[in-house]
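**Student:** Sequence:
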Amino acid sequence: MADHDDDRLTELEVRLSFIDDTVNGLSSADTEIARRLDRLERAVRDLRSDLVNMRTGVGSDAANEPPPPHY
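Here my numbering runs 534 ahead of the position in the sequence shown, where the first position is 1.
Check each hint, because a few of them may be wrong.
Restraint-style ranges between C-beta atoms, simulated for each label pair [stated by the list, open to error]: (1) VAL548 - LEU574: 54 to 64 Å; (2) SER583 - PRO603: 28 to 38 Å; (3) THR590 - PHE552: 50 to 60 Å; (4) ASP554 - ARG576: 27 to 37 Å.
Think of the hints as simulated: they come from the structure by calculation, not from any bench. Think of the CB as a built atom: it goes at the ideal place given N, C-alpha and C, for glycine as much as any other residue.
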């Protein structure tokens, strides 16, 4: 009976070790995903800002430029 209990305890310790390793791996993956998401959100924000700047600058520069030489 004691051998059976020792085997069960050993099996539980092995399983716990695998679970602990899995949790640590998932935590690392979660941290990396959060970092990537932050970078992507920043990139989208920058692209939106660039797009707004391009839209507002399209008509204003053309009015101030001299006509092309063929006029």
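**Student:** For every hint, state whether the structure bears it out.
**Tutor:** Structure-based check of each hint:
Take VAL548 and LEU574: their Cβ atoms lie about 39 Å apart, and the range 54 to 64 Å is violated. Range check, SER583 to PRO603: about 35 Å between beta-carbon atoms, so the 28 to 38 Å window is met. Evaluation of the 50 to 60 Å hint for THR590 and PHE552 yields a pass: the beta carbon distance comes to about 57 Å. Our hint of 27 to 37 Å for ASP554 and ARG576 holds, since their Cβ atoms are close to 34 Å apart.
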